[in-house]
Amino acid sequence: MSETIPITIDGVEVQAKPGQTILEAADAAGIYIPRLCYQKDLVPFGACRVCTVLVNGRPQPACTQPVAPEMVIDNSSEKVQTYRRNIIEMLFVEGNHFCMFCEKSGNCELQALAYRFGITAPKYPFLFPKREVDASHPDIFVDHNRCILCARCVRASRDVDGKNVFGFVGRGPHKKVAVNADANLGGTDAAATDKALDICPVGALMRKRVGYAVPVGQRDYDTKPIGSDIETSKAK
Amino acid sequence: MAKPKVATTSLAGCFGCHMSILDIDERILKLVELVDFDKSPINDIKKFTGRCAVGLIEGGCANEENVEVLREFRKHCDVLIAVGECAIMGDIPAMRNMVPLKECLDEAYLNGPSVYNPSGQVPNDPEIPLLLNKVYPINEVVKIDYFLPGCPPSADTIWQALTALLGGKPVELPYELIKYD
Ligand code: SF4
Ligand code: SF4
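Chains A and B are the protein sequences, given in the same order.
Following my numbering, the numbering of the first sequence begins with 1 at its first residue and continues without gaps.
Following my numbering, the numbering of the second sequence begins with 1 at its first residue and continues without gaps.
It is possible that part of the hints are untrue.
Stated by the list, open to error - Computed cross-link-like contacts, SDA-like style, restricted to lysine to any residue with a CA-CA straight-line distance of at most 25 Å:
id : chain 1 : residue 1 : chain 2 : residue 2
1  : B       : Lys-169   : B       : Tyr-146
2  : B       : Lys-134   : B       : Pro-123
3  : A       : Lys-123   : B       : Pro-93
4  : A       : Lys-224   : B       : Glu-172
5  : A       : Lys-208   : B       : Ile-92
6  : A       : Lys-234   : A       : Pro-44
7  : A       : Lys-224   : B       : Val-171
8  : B       : Lys-143   : A       : Leu-127
9  : B       : Lys-134   : A       : Arg-131
10 : A       : Lys-176   : A       : Arg-207
11 : A       : Lys-176   : B       : Asn-97
12 : A       : Lys-175   : B       : Val-99
13 : A       : Lys-224   : B       : Pro-170
14 : A       : Lys-123   : B       : Glu-176
15 : A       : Lys-208   : B       : Met-95
16 : B       : Lys-143   : A       : Met-90
17 : A       : Lys-130   : B       : Leu-131
Just so you know, these hints were derived from the structure itself, not from any lab.
The whole structure should be built from the sequences, with the hints applied where relevant.
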């Protein structure tokens, strides 16, 4: 078996390692593929589809698609960017995202992606669904209004924390994160130190009493677009 | 040559976006050289005096008067700009969209913990604009040409957009000026 697998991303030849996904190979090569549900160290899930690329002309999620020899990958055409922009816009309108008072604002990956894509307003009508906040736990809360169903908490709680606190129930617009207790989050053994708490990309799963700790202007994406860490690793 | 006219209004908003307009500081003097203000709370002109190049709209549509004013703006302005998150997505006023209107009114005028209302009446004077069933982002009511996000958008964002438009250039916001908070 050969050591590396040659693939092409946006016309650049990349030597991928066997077993890598497209997204992992791109990361290693300093090429940023936008993503939301993917998180290094968690099992890829393919839920959000923000990482959609065209593989030999066909749309595929880069986070779950393993590399294969001679793949020609389009990560930047207008067509690909439009898929992604539309997904990001849909995520905004199908929840209730009030960034102006969200504790995560400035550190939020969904918002940061919208900034990176230059989205000033979603083109779809806002749905304003009725969703709940579960603040029953003394140290943490879940605000379903902001949940984008990325399953990062589900995977982290299961595979890293070993607690299986979170899971999904329902389908379609009724799908939501549920907890492994009869009533609510307060009845689980979730703790503020859990990996699941670190890993939520948005302001859905949050620690209490730490909000707004970092001033505006110094937050993660205030000056640098999301993904620029990966892109600058290429320059080095 | 007559200067182009700019009109502004606040629908269901808090006037924070207008504060941001004023926040362009001394550049406002330059702006006054470039444009005339038409209908606007800044000069308190209540009715359009003529065709406007640009209309700046703060706030969403929460009542029938908001809709009427918005339609007037669309009629009189060449370019309409949604300024701020209330205009773009309804924002804080739109938090009532998750609650039926009757429940909102009952809470505000009958059941709220600080309410003193011995007559038990919900205000219903014909002078009061009727509330809509929910708060609508303005692009769901009329066509909007540009969106300036933020709560409020920074003075720089507003300045950037206005000067681009008045200079006949497309409105393009750099990364630092796109903010939702
Ligand atoms: S989770 Fe992100 S996108 Fe949603 S309201 Fe908070 S900052 Fe905005
Ligand atoms: S709570 Fe956060 S981590 Fe969990 S599914 Fe929702 S958005 Fe993802």
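These are the hints, each one checked on the structure:
1. Of the pairs offered as hints, the one joining B:Lys-169 and B:Tyr-146 holds, with about 13 Å between alpha carbons and a cut-off of 25 Å not exceeded.
2. Pair hint B:Lys-134 plus B:Pro-123 holds up; C-alpha atoms about 18 Å apart against a cutoff of 25 Å.
3. A distance of roughly 20 Å separates the Cα atoms of A:Lys-123 and B:Pro-93; the hinted pair therefore holds under the 25 Å criterion.
4. Straight-line distance between C-alpha atoms of A:Lys-224 and B:Glu-172 comes to about 18 Å, which keeps the hinted pair within the 25 Å bound.
5. In summary, the hint linking A:Lys-208 to B:Ile-92 is supported, as the alpha carbons are separated by about 22 Å, within the 25 Å threshold.
6. The suggested pairing of A:Lys-234 with A:Pro-44 holds, with an alpha-carbon distance near 23 Å, which does not exceed 25 Å.
7. Using a Cα cut-off of 25 Å, the hinted pair A:Lys-224 and B:Val-171 holds, with the two alpha carbons roughly 21 Å apart.
8. Restraint check for B:Lys-143 and A:Leu-127: the C-alpha separation of about 19 Å stays at or below 25 Å, so the hint holds.
9. The suggested pairing of B:Lys-134 with A:Arg-131 holds, with an alpha-carbon distance near 16 Å, which does not exceed 25 Å.
10. Distance restraint check for A:Lys-176 and A:Arg-207: the Cα-Cα separation of roughly 19 Å lies within the 25 Å cut-off, and the hinted pair is therefore satisfied.
11. Of the pairs offered as hints, the one joining A:Lys-176 and B:Asn-97 holds, with about 20 Å between alpha carbons and a cut-off of 25 Å not exceeded.
12. Between A:Lys-175 and B:Val-99 the alpha-carbon distance is near 21 Å, which keeps this suggested pair within the 25 Å criterion.
13. Restraint check for A:Lys-224 and B:Pro-170: satisfied, since their Cα atoms lie roughly 24 Å apart, inside the 25 Å limit.
14. A C-alpha spacing of about 22 Å is found between A:Lys-123 and B:Glu-176, which places the hinted pair at or below 25 Å, so the restraint holds.
15. Annotation: proposed proximity of A:Lys-208 to B:Met-95 holds, straight-line Cα distance about 22 Å (limit 25 Å).
16. Note on B:Lys-143 and A:Met-90: the hinted pairing holds, with a Cα-Cα distance of about 20 Å set against a maximum of 25 Å.
17. For the proposed pair A:Lys-130 and B:Leu-131, the alpha carbon gap of about 20 Å is at most 25 Å, so the pair holds.
Checked against the numbered hints above, the structure breaks none of them.
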